[in-house]
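Asks: Residue numbers (numbering that gives the first Met the number 0), protein chains in the order written: chain X, 0 to 309; chain R, 0 to 309.
A few of these clues could be false.
No copy labels: a pair is met if it fits in one copy or bridges any two.
Using 25 Å as the maximum straight-line C-alpha spacing, the simulated DSS-like pairs for lysine-lysine come out as follows [to be verified]:
1. 47 to 89
2. 42 to 221
3. 89 to 100
4. 263 to 221
5. 30 to 242
6. 42 to 157
7. 289 to 34
Hint data in this document are derived by calculation from the structure and do not stem from the laboratory. The model shown is predicted, which means the values in this text are computed figures rather than measured ones.
Number of protein chains: 2
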Amino acid sequence: MNSPSQYTSINRALIVGGTHGDEMSGVVLAKHWLKDPSELHRKTFTTKAVIGNPLAVERCTRYIDMDLNRSFAQENLSASESESDPYEVKRAREIYQNHVKKEAVDFICDLHNTTSNMGATILLCKAGDHFSLHMANYLQKNCLDYALPSHVYLIDTKEGENIYLQNITRHSLALELGPQPQGVIRADILSRMRNLVNCCLDFIDLFNQGTEFPCFELEMYKVASKVDYPRDADGEIEGIIHKELQDKDYLPLKPGDPTFQTLKGTELFYDGKEEIYPTFINEAAYYEKKVAFIVMQKIHQVVPALKVQG
Amino acid sequence: MNSPSQYTSINRALIVGGTHGDEMSGVVLAKHWLKDPSELHRKTFTTKAVIGNPLAVERCTRYIDMDLNRSFAQENLSASESESDPYEVKRAREIYQNHVKKEAVDFICDLHNTTSNMGATILLCKAGDHFSLHMANYLQKNCLDYALPSHVYLIDTKEGENIYLQNITRHSLALELGPQPQGVIRADILSRMRNLVNCCLDFIDLFNQGTEFPCFELEMYKVASKVDYPRDADGEIEGIIHKELQDKDYLPLKPGDPTFQTLKGTELFYDGKEEIYPTFINEAAYYEKKVAFIVMQKIHQVVPALKVQG
Numbered sequence: 000m001n002s003p004s005q006y007t008s009i010n011r012a013l014i015v016g017g018t019h020g021d022e023m024s025g026v027v028l029a030k031h032w033l034k035d036p037s038e039l040h041r042k043t044f045t046t047k048a049v050i051g052n053p054l055a056v057e058r059c060t061r062y063i064d065m066d067l068n069r070s071f072a073q074e075n076l077s078a079s080e081s082e083s084d085p086y087e088v089k090r091a092r093e094i095y096q097n098h099v100k101k102e103a104v105d106f107i108c109d110l111h112n113t114t115s116n117m118g119a120t121i122l123l124c125k126a127g128d129h130f131s132l133h134m135a136n137y138l139q140k141n142c143l144d145y146a147l148p149s150h151v152y153l154i155d156t157k158e159g160e161n162i163y164l165q166n167i168t169r170h171s172l173a174l175e176l177g178p179q180p181q182g183v184i185r186a187d188i189l190s191r192m193r194n195l196v197n198c199c200l201d202f203i204d205l206f207n208q209g210t211e212f213p214c215f216e217l218e219m220y221k222v223a224s225k226v227d228y229p230r231d232a233d234g235e236i237e238g239i240i241h242k243e244l245q246d247k248d249y250l251p252l253k254p255g256d257p258t259f260q261t262l263k264g265t266e267l268f269y270d271g272k273e274e275i276y277p278t279f280i281n282e283a284a285y286y287e288k289k290v291a292f293i294v295m296q297k298i299h300q301v302v303p304a305l306k307v308q309g
Numbered sequence: 000m001n002s003p004s005q006y007t008s009i010n011r012a013l014i015v016g017g018t019h020g021d022e023m024s025g026v027v028l029a030k031h032w033l034k035d036p037s038e039l040h041r042k043t044f045t046t047k048a049v050i051g052n053p054l055a056v057e058r059c060t061r062y063i064d065m066d067l068n069r070s071f072a073q074e075n076l077s078a079s080e081s082e083s084d085p086y087e088v089k090r091a092r093e094i095y096q097n098h099v100k101k102e103a104v105d106f107i108c109d110l111h112n113t114t115s116n117m118g119a120t121i122l123l124c125k126a127g128d129h130f131s132l133h134m135a136n137y138l139q140k141n142c143l144d145y146a147l148p149s150h151v152y153l154i155d156t157k158e159g160e161n162i163y164l165q166n167i168t169r170h171s172l173a174l175e176l177g178p179q180p181q182g183v184i185r186a187d188i189l190s191r192m193r194n195l196v197n198c199c200l201d202f203i204d205l206f207n208q209g210t211e212f213p214c215f216e217l218e219m220y221k222v223a224s225k226v227d228y229p230r231d232a233d234g235e236i237e238g239i240i241h242k243e244l245q246d247k248d249y250l251p252l253k254p255g256d257p258t259f260q261t262l263k264g265t266e267l268f269y270d271g272k273e274e275i276y277p278t279f280i281n282e283a284a285y286y287e288k289k290v291a292f293i294v295m296q297k298i299h300q301v302v303p304a305l306k307v308q309g
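Whenever a hint applies, use it, and build me the whole structure from the sequences.
Replies: Laid out in structure tokens, this is it:
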């Protein structure tokens, strides 16, 4: 048996809603908790809520100048201020300065919605952070809802290449709930997200109090590649997500399965050799990123036991 | 027996997609038909497709300065041009001048999507236009899809108060298909809309060729009133659509049924005395219009037989 992974206790947690201004579950929850944070109270640490992108929230749009959740590269955070910086670069720096440098936040929970049928996705950025992997496992075991099932989604960013909000703290996790249209507040999605956030805080409290979480094997979906829409010579989208693929996030796509259909009636098929797992199928915000879906590989990782240090 | 309603034949039909730039089914169909209009060809009349709001389509947003589909008031159309006019007022005038004044279009089909669960809604603006009522009936009988059922939605605008695109031609109809998030192209919704448009053209062709359509009784939902979200003293939304009301468009709401829920856990209930039919429940674009849902009354109208004149 390996010895448990040990980390120091969590002192300050930050819940960020509205990192994308039109992803409404997080916006509504953060606004509520800013007015009345009592629900976030736990014995062993403090928690604060914040609006990620206030101007984008005000305008109910994803972002103003650029995607905030791609603005947390280390060179942005450490660069000196410039008036000509995009709004989101300034805001990324501000979040980092206020909450990490000054307040010493050591855990961030970043709240997102997707138009894809991704249920309650727990999105992690560092496969090496056993604390966050244990939290994901705790959520999967203790916060169930069969209508919005939970999956662990891993973007295994290389050292120094993390551009997400999750880059700025030791431990972190994003919740990506859907399907929900941009600008819409669905009660079912909101309630699922709220329960998950509370469960994150419960986990931290147990961890801080010395609970030892045993070794386990975690099933995850790891980003492998991105697939664009078929396009014509002018770059216009020529094929749309096939009706058989729509809403099938996290389900296996087998060689020969349909992927796109054109308005002329042509069908396109997956011509790879191995079964893959598409996610973010038909996400509204990814049309401009030229992503029709993201290809995932299903992996399993043994995670050692976890215990607070000291 | 009353004698049939008679109208002159239709010479030119116009299909408008992208009246709202982020309602993608119409955008994609209009772009396709602009490149290849062969599918729109019928023997007895000509049909053209057009993008309603090109700049909004380019930016994938509902509108630039104001809602185009509220810009077709007679005073806008007849006013002299001014550089300071909102983009959509200029565009409304342009559509009217190019397609009605110059080309003498006599039928418009306006293509929309909604984030609400409204299936295939056929939206009419004039209860007195028996041609359009017959077309709606023809669609309901000849273009079925149980996954996206069809309903007739009537905004009975008073003479001189019509501000919609449907104001500018003798006959018209809008298709309002959902649920579909803004900025997303769903194959099922696209295909349903495409079939409905083709069915509209088939109906016109039959009408022009002298088919007599018999008298019938039409079930419609007529706009009665609008309900806003519960708000706090600052005007911020305090209650969201109740989970029991979400997705229940066109289903009866009975006295005592839940309508909203707050983040504090309070539930609000419908306190009217009569059964009503909510529609546009949780439509993304109606948050800014302060509309949580639109209250409809179910009505029945006897429509006399229809025949082409002369």
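Asks: Please go over all the hints and tell whether each is borne out by the structure.
Replies: Tested hints:
Within a single copy, residue 47 and residue 89 get their C-alpha atoms as close as 21 Å, which meets the 25 Å cut-off; across copies the closest is 48 Å, which misses it. Proximity of residue 42 and residue 221 under a CA criterion of 25 Å is satisfied in neither setting, with 34 Å inside one chain copy and 55 Å between copies. In the homo-oligomer, the alpha carbons of residue 89 and residue 100 lie at most 25 Å apart inside one protomer (15 Å), although the nearest pairing across protomers, at 51 Å, exceeds that limit. When the C-alpha separation of residue 263 and residue 221 is checked against a cutoff of 25 Å, the pair qualifies neither within a copy, at 34 Å, nor between copies, at 37 Å.
In this assembly of identical chains, residue 30 and residue 242 lie within 25 Å of each other by CA distance solely across copies; the values are 20 Å between and 37 Å within a copy. Taking CA atoms no more than 25 Å apart as the test, residue 42 paired with residue 157 passes in neither setting, with 35 Å inside one copy and 62 Å between copies. Proximity of residue 289 and residue 34 under a CA criterion of 25 Å is satisfied inter-copy only: 22 Å between copies versus 38 Å inside one chain copy.
Taken one by one, the earlier hints fail for this structure at numbers 2, 4 and 6, listed in ascending order.
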